[in-house]
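Colleague: Now for the letters of each chain:
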Amino acid sequence: MIKKETFHHTSLRQSLVIQSRVIGALLLREIITRYGRHNIGFMWLFGEPMMFTLGVTTLWTFAKMAHSGSLPIVAFCITGYSSLLIWRNTTMRCGKAIEPNLALLYHRNVKVIDVFAARIILEIAGATLSLTILSLVFSAVGLMELPADIVIAFAGWLLLAWFAGSLGLIVGSLSERSETVERLWHTLTYLMFPMSGAVFMVQWLPQQWKEYILWVPMVNGTEMVRHGFFGNAVRTYEDPAYLIVVNLVLMLIGLSLVKETGRRVEQQ
Amino acid sequence: MIELKNVTKVYSTRKGPRTVLDNINLRIEKGEKLGIIGQNGAGKSTLIRMISGAESATSGHIYRGMSISWPLAFGGAFQGSLTGMDNLRFVCRVYGVPIEPSIPFVQSFSELGNYLNEPVKKYSSGMRARLAFAISMAVNFDCFLIDEVVVVGDSRFHEKCHNELFVKRQDRAMIIVSHDAAYIQQYCDRAAVIKSGQLTYFESVDDAYTFYQAQS
Numbered sequence: 120m121i122k123k124e125t126f127h128h129t130s131l132r133q134s135l136v137i138q139s140r141v142i143g144a145l146l147l148r149e150i151i152t153r154y155g156r157h158n159i160g161f162m163w164l165f166g167e168p169m170m171f172t173l174g175v176t177t178l179w180t181f182a183k184m185a186h187s188g189s190l191p192i193v194a195f196c197i198t199g200y201s202s203l204l205i206w207r208n209t210t211m212r213c214g215k216a217i218e219p220n221l222a223l224l225y226h227r228n229v230k231v232i233d234v235f236a237a238r239i240i241l242e243i244a245g246a247t248l249s250l251t252i253l254s255l256v257f258s259a260v261g262l263m264e265l266p267a268d269i270v271i272a273f274a275g276w277l278l279l280a281w282f283a284g285s286l287g288l289i290v291g292s293l294s295e296r297s298e299t300v301e302r303l304w305h306t307l308t309y310l311m312f313p314m315s316g317a318v319f320m321v322q323w324l325p326q327q328w329k330e331y332i333l334w335v336p337m338v339n340g341t342e343m344v345r346h347g348f349f350g351n352a353v354r355t356y357e358d359p360a361y362l363i364v365v366n367l368v369l370m371l372i373g374l375s376l377v378k379e380t381g382r383r384v385e386q387q
Numbered sequence: 027m028i029e030l031k032n033v034t035k036v037y038s039t040r041k042g043p044r045t046v047l048d049n050i051n052l053r054i055e056k057g058e059k060l061g062i063i064g065q066n067g068a069g070k071s072t073l074i075r076m077i078s079g080a081e082s083a084t085s086g087h088i089y090r091g092m093s094i095s096w097p098l099a100f101g102g103a104f105q106g107s108l109t110g111m112d113n114l115r116f117v118c119r120v121y122g123v124p125i126e127p128s129i130p131f132v133q134s135f136s137e138l139g140n141y142l143n144e145p146v147k148k149y150s151s152g153m154r155a156r157l158a159f160a161i162s163m164a165v166n167f168d169c170f171l172i173d174e175v176v177v178v179g180d181s182r183f184h185e186k187c188h189n190e191l192f193v194k195r196q197d198r199a200m201i202i203v204s205h206d207a208a209y210i211q212q213y214c215d216r217a218a219v220i221k222s223g224q225l226t227y228f229e230s231v232d233d234a235y236t237f238y239q240a241q242s
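Chains as they are written, first to last, in our numbering: chain A, 120 to 387; chain B, 27 to 242.
One or more of the hints may lead you astray.
[To be verified] On the chain B side, residues computed to face chain A include the following (Cβ under 7 angstroms): (1) S78; (2) G79; (3) G102; (4) A103; (5) F104; (6) S107; (7) V120; (8) G122; (9) P124; (10) R216; (11) Y235; (12) F237; (13) Q239.
[As the list claims (entries may be wrong)] Each pair of labels, with its calculated beta carbon distance range: (14) B:Q133 to A:I372: 55 to 61 angstroms; (15) A:E379 to B:G86: 51 to 57 angstroms; (16) A:L147 to B:N51: 55 to 61 angstroms; (17) B:G102 to A:F273: 39 to 45 angstroms; (18) A:M311 to B:D180: 39 to 45 angstroms; (19) B:S222 to A:I372: 39 to 45 angstroms; (20) A:L374 to B:R40: 51 to 57 angstroms; (21) A:M314 to B:S38: 16 to 22 angstroms; (22) B:I125 to A:E379: 30 to 36 angstroms; (23) B:M27 to A:M311: 53 to 59 angstroms; (24) A:L324 to B:G86: 56 to 62 angstroms; (25) B:G139 to A:I252: 38 to 44 angstroms.
Derived by calculation from the structure, the hints in this document are not laboratory data.
In this text, all values refer to a predicted model and were calculated from it rather than measured experimentally.
Just so you know, even glycine gets a beta-carbon here, dropped at the ideal spot from N, CA and C.
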């Protein structure tokens, strides 16, 4: 079986089989170092956003903030934090992802793109699981409602995941060129946090700011997820077409950077 | 069959491009054992990494008509934070080999005991070598690429490796690179000398050895 696959002329189907095998192996390898051998590590996936949500809800309740109005605060926190988590974690984990896996590139079929793909899949899966479980838990205890329109919520989430992955490829490849990129990205991530739509709704902003904030790609995704969760109870301002175009451009840049990185990294 | 046609490898360095391998041609049939002798830095490891596919050629064509191992260098190819067992599982998954049947062999051959469940970065170089060799025997290749074998381990370990590789797998093709001509002489049918980016073939290992010695 192996013999066939290592022939120089490998069909697309065989290549797909090999690549999914490699990504699968890398995924299992990443899970060990990401979450540790003891299952406590895995709990942080929910623990962190759960603590955040509970903390903000408590603050919000005490402060009785002006915006709260009809907005379900728990659902607001969960959607906001998850939408932040997905692109923040994915890009951070792609940064300097090659170095600890360099030795594994010795195996012919293990390529740079596979290393990134494994990390991206893992982070997206983690954030998705976290959002799903938190929504189920908090709705079970009556602190929030399940999404009003699951299709819109899912589509928004998918667009955010696509955004996260594409950006991850770019950050990952660039961080391989210089240390500075990774540090710069850390700082940028913090700066982007208040602008990402995680902690506000576009509706709350003054009219003249609305059109500017919607240039930030993540805001569109977060708004769309909230649209799905809250239905018509709130007014959201997403432009999915814009986010799709941004994602396509980022993915194209990301993939070409990865290709270039592959050429450089493999010769060590 | 494995065939390299007009393969050239150029590295870009700060002082400009450096040609490590210049128009190399190589052909190896099933079961054949080829030794490549060269001094340190002559491009032996580069050549073997290109044959394995871990590295791509700047120009030329490489045809791989049989399954080829990764460059067995008694180290490398493993992730340090993972345990020896995790690394075995990773390699099995990547090459599509069932994991369970490989475990007993790796356990007994590596003699690592409980250390198999410790991160590889805690291993001594000798332990690492034992793990590396054991894992590379878990996958069956048609052609083994061997990069500078003789550096680590005691004589008993050498004996075990010799038995696994050259006795049990004597029907396999092998490409062995080394600066130790005596080693090549012991195991290879024919040999080539690599120097200044060129490969020079010899009918007998003795001739290659003589040429190599005259060069150095």
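Colleague: Each hint: holds or not?
Modeller: Hint-by-hint comparison with the structure:
no., hint, result
1, S78, "holds (6 angstroms)"
2, G79, "holds (4 angstroms)"
3, G102, "holds (6 angstroms)"
4, A103, "holds (4 angstroms)"
5, F104, "holds (6 angstroms)"
6, S107, "holds (5 angstroms)"
7, V120, "holds (5 angstroms)"
8, G122, "holds (6 angstroms)"
9, P124, "violated (11 angstroms)"
10, R216, "violated (24 angstroms)"
11, Y235, "violated (30 angstroms)"
12, F237, "violated (29 angstroms)"
13, Q239, "violated (31 angstroms)"
14, B:Q133 to A:I372: 55 to 61 angstroms, "violated (47 angstroms)"
15, A:E379 to B:G86: 51 to 57 angstroms, "violated (21 angstroms)"
16, A:L147 to B:N51: 55 to 61 angstroms, "violated (40 angstroms)"
17, B:G102 to A:F273: 39 to 45 angstroms, "holds (43 angstroms)"
18, A:M311 to B:D180: 39 to 45 angstroms, "violated (57 angstroms)"
19, B:S222 to A:I372: 39 to 45 angstroms, "holds (41 angstroms)"
20, A:L374 to B:R40: 51 to 57 angstroms, "violated (29 angstroms)"
21, A:M314 to B:S38: 16 to 22 angstroms, "violated (39 angstroms)"
22, B:I125 to A:E379: 30 to 36 angstroms, "holds (35 angstroms)"
23, B:M27 to A:M311: 53 to 59 angstroms, "holds (54 angstroms)"
24, A:L324 to B:G86: 56 to 62 angstroms, "holds (59 angstroms)"
25, B:G139 to A:I252: 38 to 44 angstroms, "holds (40 angstroms)"
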